[in-house]
Amino acid sequence: MKTINSLKMTFPALSRNEAVIRSCVAAFAAQVDPTIEEISDIRSAVSEAVTNSIVHGYKDGAGEIAVTLKLTEDNCLYIKISDKGCGIEDVEKAMEPLFTTAPEGERAGLGFAVMEAFTDDLKVRSAVGKGTSVTMKKKISSRYE
Amino acid sequence: MTVEILGGENYITAVLCGELDHHTAAAAREIIDARLERGTPALCIIDMAGISFMDSSGIGLILGRKRVAEGYGGRVMIKNPSRCAEKVIKLSGLQSMVLTEKQEKSMKKEQKK
Ligand SMILES: Nc1ncnc2c1ncn2[C@@H]1O[C@H](COP(=O)(O)OP(=O)(O)OP(=O)(O)O)[C@@H](O)[C@H]1O
Ligand SMILES: [Mg+2]
Numbered sequence: 566m567k568t569i570n571s572l573k574m575t576f577p578a579l580s581r582n583e584a585v586i587r588s589c590v591a592a593f594a595a596q597v598d599p600t601i602e603e604i605s606d607i608r609s610a611v612s613e614a615v616t617n618s619i620v621h622g623y624k625d626g627a628g629e630i631a632v633t634l635k636l637t638e639d640n641c642l643y644i645k646i647s648d649k650g651c652g653i654e655d656v657e658k659a660m661e662p663l664f665t666t667a668p669e670g671e672r673a674g675l676g677f678a679v680m681e682a683f684t685d686d687l688k689v690r691s692a693v694g695k696g697t698s699v700t701m702k703k704k705i706s707s708r709y710e
Numbered sequence: 036m037t038v039e040i041l042g043g044e045n046y047i048t049a050v051l052c053g054e055l056d057h058h059t060a061a062a063a064r065e066i067i068d069a070r071l072e073r074g075t076p077a078l079c080i081i082d083m084a085g086i087s088f089m090d091s092s093g094i095g096l097i098l099g100r101k102r103v104a105e106g107y108g109g110r111v112m113i114k115n116p117s118r119c120a121e122k123v124i125k126l127s128g129l130q131s132m133v134l135t136e137k138q139e140k141s142m143k144k145e146q147k148k
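Sequence order for the protein chains is A and B.
Going by the numbering used here, the first residue of the first sequence is number 566, and it counts up by one from there.
Going by the numbering used here, the first residue of the second sequence is number 36, and it counts up by one from there.
Hint data in this document are derived by calculation from the structure and do not stem from the laboratory.
Be aware that a few hints might be false.
Now the stretches of chain A that chain B is said to cover, found in silico as 3 or more residues with beta-carbon under 8 Å [said to hold, decoys possible]: (1) 572–583; (2) 614–622; (3) 648–654; (4) 686–700.
Here are the in silico distance ranges between beta carbons for each label pair [what the hints assert, rightly or not]: (5) A:E629 to B:E39: 32 to 40 Å; (6) A:E629 to B:Q138: 45 to 53 Å; (7) B:T48 to A:A595: 29 to 37 Å.
Ideal placement from N, C-alpha and C gives every residue a C-beta, glycine not left out.
Start from the sequences, fold in the hints, and give me the full structure.
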């Protein structure tokens with residue numbers, strides 16, 4: 566499908582950027598008039614992926630988070646969030662609801678479940694020692710057609 | 036996000052307003068825990084009507100306070116979750132922690148006595 570707009574951004578992995586990044590993505594999505602519900606879902610899903618990079622990926626130190634956004638002709642928003650952090654050993658296991666490696670940090674193990682429930686497609690690629698990237702697709706309803 | 040603690044000895048209400056994520060949950064946790072540990076109230080109600088954004092960090096915050104309260108025999112309930120908060124609460128299977136209208140009414144009666 567033809568890409569009609571795109572945006573690439575990088576941010577230092579600071580927790581204050583969780584709000585900044587989800588607001589940037591929401592601003593990009595606004596060009597296709599999503600519903601309030603759709604914007605809310607996008608903001609939550611983005612926040613989960615970004616928080617994971619900060620809390621898990623870069624648990625041992627500083628790093629950078631890359632965000633790539635793509636809007637296609639058929640009103641789909643593709644959101645890719647990647648880090649060069651520690652990576653995930655077993656992605657399938659990590660994606661199981663309630664699975665967490667950081668219970669002491671008050672993590673509930675629900676981040677991937679939220680990303681899955683609030684978007685239309687979720688792909689996770691990860692390599693130990695290299696990093697993790699999460700790509701989500703959200704179909705935006707065309708209200709004016 | 037702002038956190039305001041209302042109430043007396045036996046029960047307190049923590050009123051959360053604004054965006055609840057991993058960044059803001061840390062301060063909320065400290066404020067609520069300080070009150071729980073000092074007063075050991077039997078019931079801690081987390082009022083989520085003013086939550087304009089929430090992700091799974093909000094669930095971590097709720098479950099964490101539940102753990103602290105249960106540690107001394109107390110309880111935690113959720114009041115009036117906003118639409119976005121409710122969506123994540125439902126997904127997490129924590130609906131049973133949300134106060135029903137009936138429960139709220141009987142609590143108000145209790146207070147008047
Ligand atoms: N970017 C990442 N880098 C390294 N590990 C990750 C990354 N994202 C997720 N993980 C691993 O996958 C697990 C599950 O992630 P998920 O977001 O579902 O739950 P959580 O972050 O542990 O808890 P919650 O999101 O509810 O606060 C994490 O505990 C962590 O071990
Ligand atoms: Mg997470």
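How the hints compare with the structure:
1. 572–583: holds (count 3)
2. 614–622: holds (count 3)
3. 648–654: Since three or more residues must qualify, the claim that chain B covers the segment 648–654 of chain A is violated, with 0 doing so at under 8 Å.
4. 686–700: It is violated, with 0 qualifying residues against the three required.
5. A:E629 to B:E39: 32 to 40 Å: Roughly 36 Å apart at Cβ, these two residues keep to the hinted range, so it holds.
6. A:E629 to B:Q138: 45 to 53 Å: 47 Å, holds
7. B:T48 to A:A595: 29 to 37 Å: 35 Å, holds
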